[in-house]
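J.: For this one, chain A is given, so just place chain B on it according to the hints.
Residues per chain, in single letters:
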Amino acid sequence: MATLNQHPIRLSIIGTPTVGKEVEIRVLIAHPMETGYRLGGDGNERIPKNIIDNIVIKFNQEPIMIAKLGTGIAANPLISVFMEVPVKGGMVSIEWKDDQGAQGRAEKMLVVA
Amino acid sequence: MKLFAFKVTIFFFCVANLSLAQVVRQSGNTFLSPDMLRQQQDPTLNPLSLWIDQGQDLWKSQCQECHSSVSETAKAIVQFPVWKSISASSGKLINIEDQIVDCWSKKTGKIIANDAPEILTMSVFLSDAAKGLLVQVREPQDPMIKKHWQEQMSLAAQIYVRRQGRLNLSCTQCHDQQIGKNLRSDVVSPAFLTGFPIYRFSWQTVGNLDRRLRACYSGVQATVPASGSPELRALELFLKKRSEGMLWDGPSLRR
Numbered sequence: 000m001a002t003l004n005q006h007p008i009r010l011s012i013i014g015t016p017t018v019g020k021e022v023e024i025r026v027l028i029a030h031p032m033e034t035g036y037r038l039g040g041d042g043n044e045r046i047p048k049n050i051i052d053n054i055v056i057k058f059n060q061e062p063i064m065i066a067k068l069g070t071g072i073a074a075n076p077l078i079s080v081f082m083e084v085p086v087k088g089g090m091v092s093i094e095w096k097d098d099q100g101a102q103g104r105a106e107k108m109l110v111v112a
Numbered sequence: 000m001k002l003f004a005f006k007v008t009i010f011f012f013c014v015a016n017l018s019l020a021q022v023v024r025q026s027g028n029t030f031l032s033p034d035m036l037r038q039q040q041d042p043t044l045n046p047l048s049l050w051i052d053q054g055q056d057l058w059k060s061q062c063q064e065c066h067s068s069v070s071e072t073a074k075a076i077v078q079f080p081v082w083k084s085i086s087a088s089s090g091k092l093i094n095i096e097d098q099i100v101d102c103w104s105k106k107t108g109k110i111i112a113n114d115a116p117e118i119l120t121m122s123v124f125l126s127d128a129a130k131g132l133l134v135q136v137r138e139p140q141d142p143m144i145k146k147h148w149q150e151q152m153s154l155a156a157q158i159y160v161r162r163q164g165r166l167n168l169s170c171t172q173c174h175d176q177q178i179g180k181n182l183r184s185d186v187v188s189p190a191f192l193t194g195f196p197i198y199r200f201s202w203q204t205v206g207n208l209d210r211r212l213r214a215c216y217s218g219v220q221a222t223v224p225a226s227g228s229p230e231l232r233a234l235e236l237f238l239k240k241r242s243e244g245m246l247w248d249g250p251s252l253r254r
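These protein sequence lines are chains A and B, in that order.
Residue numbers are given in numbering that gives the first Met the number 0: position 54 of the first sequence equals residue 53, and the series is strictly consecutive.
Residue numbers are given in numbering that gives the first Met the number 0: position 76 of the second sequence equals residue 75, and the series is strictly consecutive.
Calculated directly from the structure, the hints in this document are not laboratory data.
Some hints could be false.
[Claimed, not checked] Label-pair restraints from in silico Cβ distances:
no., chain 1, residue 1, chain 2, residue 2, range
1, B, 102, A, 61, 44 to 50 angstroms
2, A, 60, B, 185, 44 to 50 angstroms
3, B, 102, A, 107, 32 to 38 angstroms
4, B, 165, A, 77, 37 to 43 angstroms
Beta carbons: idealized from backbone N, C-alpha and C, even for Gly.
Chain A extracted, bound-state conformation (with noise of 0.2 angstroms):
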C-alpha cells in the first residue's frame, strides 16, 4: 500500500441518469489485496492475506450487488456496475469489508435529470 490514507474511495456515476435508462456506477477502492502468497522482509515470511472479500453496493439501502472478491484481483480494484434510474432517484451507497476486518463506505446522491 502506497497511498498515504489508508483506503480512499472514489463512487461516481457515469452517465445522464434518465428515467428506464442505464447509468454505470463505478467504484475505485485504494487496497494493497494482498494474495497471502507473497514473501515480505527477509524472504522467510509470508505477507498476510488482506483481500477485499465482501462489497455490497446499495440502492436506498436495498442491495443492487454483492460481490465475493478473490486473489486474482489487482490492487486498487475498479469495479463497475450498470443499473436503471428508478423513477426517483436515491442514494447509492457502497461498503466493503476486507480479510483483516477494515472496512470502507461511499455514498452519493442519484438524482433523475
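T.: Quick look at chain B alone, frame taken from chain A:
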C-alpha cells in the same frame, strides 16, 4: 531505366521521411494501447486519481501556509532537477521529491524516504497540477553552479551511451535505436521524461523515476544504484534536458 531511377528516388525520399519522422520527439503516451490511454484520461477509471485526491488534502493541511498557489508551485515540476550548493565547491543535484522531503523535514522535523507515501502523493498531486506546462530545464547563470551542472550533464551523457550489465546494453541502443519495436510484450518508447511519477500495473502502485531507472539497470543485469544516488539524479537531469520544450503529461499509467 528512367522508371527504375524514379522508383529509386521515391524509395530514398520515403527513407529520408522515415528518418525525419524518428526525429519528432514522442511522449511515452504515444505507445500506450487505446484502452490504457482511455483509462489514463478518465479520472473515474484512473487509479492515480486516488493519489491526486489525497494530495489535495495533504496540500491543504501541510503546504498551503507557505506556498500560496498550487499552479505557481507546480512550475517546479518542469524545472527540476536543480543544483543545490552546499558550499562553493560541493553540492548535489536534487529532484522534486528531494525538495519535498526537504520541505517535509522543515515542517514536521522528520526525514522520510523519497518514495514514502507522503512524498509520492505530493509529487503526483503537483505533477498533475503541472499538466500542460512545457519542460524547461535551464542552464544556471552562476558560473560556479554552471560548471557543476555541466559536469553532471556530461556524466549522464556518458552513462546514457555506456554499455553495461550482463546484457551489455546501453540506454541509447534501445531508447534511440529500437523505438516502437517490441521488447517482449511491451513497446520500446524513447527516453523522454514527460510524465512522472507513474502508476505501473506490474508494480500495482505508484513509483518515482528512481524506481523506474533502477528497474532499467536490473533489466540489463547491471549493478543497481541506490535510490537517490548522484548517478540517477544526473540521468534525470539529462533525460529532462532531452525533453526540453515538450508538453508535461502529468502522472501517467504504464503497464
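J.: Now tell me, hint by hint, if it's right for this structure.
T.: Hint check results:
For residue 102/B paired with residue 61/A, a C-beta distance near 48 angstroms keeps the hint of 44 to 50 angstroms intact. Range check, residue 60/A to residue 185/B: about 46 angstroms between beta-carbon atoms, so the 44 to 50 angstroms window is met. For residue 102/B and residue 107/A, the hinted distance range of 32 to 38 angstroms is satisfied, since their beta carbons lie about 35 angstroms from each other. About 38 angstroms separates the C-beta atoms of residue 165/B and residue 77/A, a value consistent with the hinted range of 37 to 43 angstroms.
Hint compliance for this structure: no hint is broken.
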